[in-house]
Amino acid sequence: QQQVKQSPQSLIVQKGGIPIINCAYENTAFDYFPWYQQFPGKGPALLIAIRPDVSEKKEGRFTISFNKSAKQFSLHIMDSQPGDSATYFCAASGGQNFVFGPGTRLSVLP
Amino acid sequence: KAGVTQTPRYLIKTRGQQVTLSCSPISGHRSVSWYQQTPGQGLQFLFEYFSETQRNKGNFPGRFSGRQFSNSRSEMNVSTLELGDSALYLCASSRTGAGGTEAFFGQGTRLTVV
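Here the protein sequences come in this chain order: A and B.
Note that the working numbering numbers the first sequence so that position 105 is 107, with each residue one more than the last.
Note that the working numbering numbers the second sequence so that position 98 is 83, with each residue one more than the last.
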């Protein structure tokens, strides 16, 4: 119940495409859902986050869609660029629990 | 505002030795969490400290330990190093802890055990 499932494991898109990464959780006590972006050799950086009282949040080219009833949330990257190539982690937090998904390695081809 | 600082950035140790890693959180943050990241296992939670007390612990052997000081700086210690301990060790700080608050990561310490 503490796990966060993330898919796909890896993703390749062309420049300008819209990669979508999906996550699912079980614990209904989770109330904060961040996404992190990690480049090789760097620590994960907080990208965008959402709370369950909204169904969508957009920041620049990054959008989180949240489906509370399905206990799923996803990250969309609009007009993707080669510089977006990185590993993306979803996470879920609530109470004293902070759980990460296994990560998605995104490659954006020029 | 300074970010999360981890030292050292890189370490090479011999099997059987011990190592201490340091993490300085963002000013005002009282929670520090530690993670082990390996290519095959992703981000594995080690433990979390809040106000000098260990509040949560992951599923790691007792060779992995930590502590937090009154200024919120935290150290992680690994004793009797094994080859499998080679990994990127990350710490994350947040204002009040894991529950629903933003967590910010340091650059990590890359530990290589030979």
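The set of hints was computed from the structure by calculation and includes no laboratory data.
Please note that a few of the clues may not be correct.
Taking lysine to aspartate or glutamate pairs in the DMTMM-like style, the calculated list, with each CA pair at most 25 Å apart, reads [unchecked claim]:
#, chain 1, residue 1, chain 2, residue 2
1, A, Lys70, B, Glu67
2, A, Lys44, B, Glu87
3, A, Lys7, B, Glu87
4, A, Lys17, A, Asp55
5, A, Lys73, B, Glu87
Computed far set for chain B versus chain A, every beta-carbon distance over 10 Å [what the hints assert, rightly or not]:
#, residue
6, Ala(-13)
7, Ser36
8, Asn41
9, Pro46
10, Phe49
11, Arg52
12, Asn62
13, Arg95
14, Thr97
It should be emphasised that the depicted structure is a prediction, and the values quoted were computed from it without experimental measurement.
Ideal placement from N, C-alpha and C gives every residue a C-beta, glycine not left out.
Item to complete: Run the structure past the numbered hints and jot down the numbers of the failing ones, going up.
Response: 1, 4, 8, 13
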